[in-house]
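Peer 1: Here is how the chains run, residue by residue.
Protein chains: 2
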Amino acid sequence: MDSCVTAAVARSLGHDLCLLHADYGQRTEAREAQAFHAIAEHYQVPHKRRLVVSLEGLRAVGGSALTDRAIPLPEGALDREGIPASYVPFRNAHLLSLATSWAEVLGARDIFVGFVEEDSSGYPDCREAFLRAFEAAARLGTRPETRPTFHAPLMHRDKAAIVRLGVSLGAPLALTWSCYDGETVACGRCDSCLLRLRGFHGAAVPDPIPYARVPERFKVG
Amino acid sequence: MDSCVTAAVARSLGHDLCLLHADYGQRTEAREAQAFHAIAEHYQVPHKRRLVVSLEGLRAVGGSALTDRAIPLPEGALDREGIPASYVPFRNAHLLSLATSWAEVLGARDIFVGFVEEDSSGYPDCREAFLRAFEAAARLGTRPETRPTFHAPLMHRDKAAIVRLGVSLGAPLALTWSCYDGETVACGRCDSCLLRLRGFHGAAVPDPIPYARVPERFKVG
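First to last, the sequence lines map onto chains A and B.
Quick note on this note's numbering: the first sequence kicks off at 24 and runs consecutively.
Quick note on this note's numbering: the second sequence kicks off at 24 and runs consecutively.
This is chain A alone, in the form it adopts within the complex (with noise of 0.2 Å):
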């Protein structure tokens, strides 16, 4: 979800979008993938300006809940202390290491994240800090001319006014999938689900995609 709104606020700002996807051997990249393409479609983004990529290092690492299928996801409760299980260990360097190789080779500039600090389970790579930190590195690892400039407009913001904003221009959140653990109906119960039904529920906003269940406290209208 956060990655579809970011989407819609590139498009928004008049930028041509070059949109990527990874496989980092999560549990449910197969649905993930799908959301993918399907919000390529609606935005009418060609299969060359995608780039589907692998990233079989962060499988064969493991250390992760969404990774291994021997460490349970968390489940429950969104106020747990600490760095929660689902932490796939830096990722997101990971992702913004082929957003930079793939945006210096494109020519393009502007690289845009849905990382969100402000309403999320605590990962350290989703921190505006960590993001300053690599686009320093990036811009001194890369050709003089590349200079990528990182935007994660979603940083700041709670999940409740990452719902108005996707409502707001038009974002096609019924095709994203934010649970970690199903593919047909979302669980309901982990973390990400969680944080996204009280997300909608904050924005009082029914939630377009299936669940298995959905707390008492979230539900909307």
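Bear in mind the hints are in silico, worked out from the structure with no lab data behind them.
Treat the hints with care, since some could be wrong.
Said to hold, decoys possible - Label-pair distances were calculated between CB atoms; the ranges are:
| no. | chain 1 | residue 1 | chain 2 | residue 2 | range |
| --- | --- | --- | --- | --- | --- |
| 1 | B | Gly193 | A | Ile94 | 25 to 31 Å |
| 2 | B | Glu168 | A | Glu98 | 20 to 26 Å |
| 3 | B | Ala53 | A | Arg166 | 24 to 30 Å |
Stated by the list, open to error - Partner residues are not named here, just some residues of chain B that face chain A (Cβ under 7 Å, in silico):
| no. | residue |
| --- | --- |
| 4 | Ser120 |
| 5 | Leu121 |
| 6 | Ser124 |
| 7 | Val128 |
| 8 | Gly145 |
| 9 | Pro147 |
Keep in mind the model is a prediction, meaning the values are calculated, not measured.
All residues carry an ideal CB built from backbone N, CA and C; glycine is no exception.
Once you have looked at the hints, place chain B on chain A.
Peer 2: Below, chain B alone, put in the same frame as chain A:
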């Protein structure tokens, strides 16, 4: 060769070695993988401490003479201005990201890289300034206890000094491969061969690997 001498330095400092090799679609990947495993055998690094990963994204993105055969390899001169066609866009960020993710899962802190700024092809992602900026990003983008530290013991040495250091540490230089083009004999024409041959010549040490030709000015003994 730089990776091998770097491994020798890390071992000489008493570290246990975990070794990373990446296939990013480079022309000589198979020969490099063979060298990687031979060096790992030399240092008795077990298979579970070797990580061999395909960086499919760099192959997909292209934009380099090393990964796209439609782009010719630069040959025959080391005094060109600018960044050569063998530069792989932001490649080292992908390697550093992988190393950081793996270190985080292993609980390792010290990451050694064979970057050389002093006597190099002029790649922006081999420079000390880039490495330090990436290190800052890696500390912000991982768990607080991870705190990766990057070591680049060759950064400010010329190739002759690297050869001398390798010899003094007993590094298995005969097992290394540097050529961008050949996989049976080194071409003796690409930038990587010329840099290497100039280093051995400067150190007055014969290069133990086979060459199709060695330019007269770099012949030793």
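Peer 1: Sort out which numbered hints this structure fails and list those numbers smallest first.
Peer 2: 1, 8
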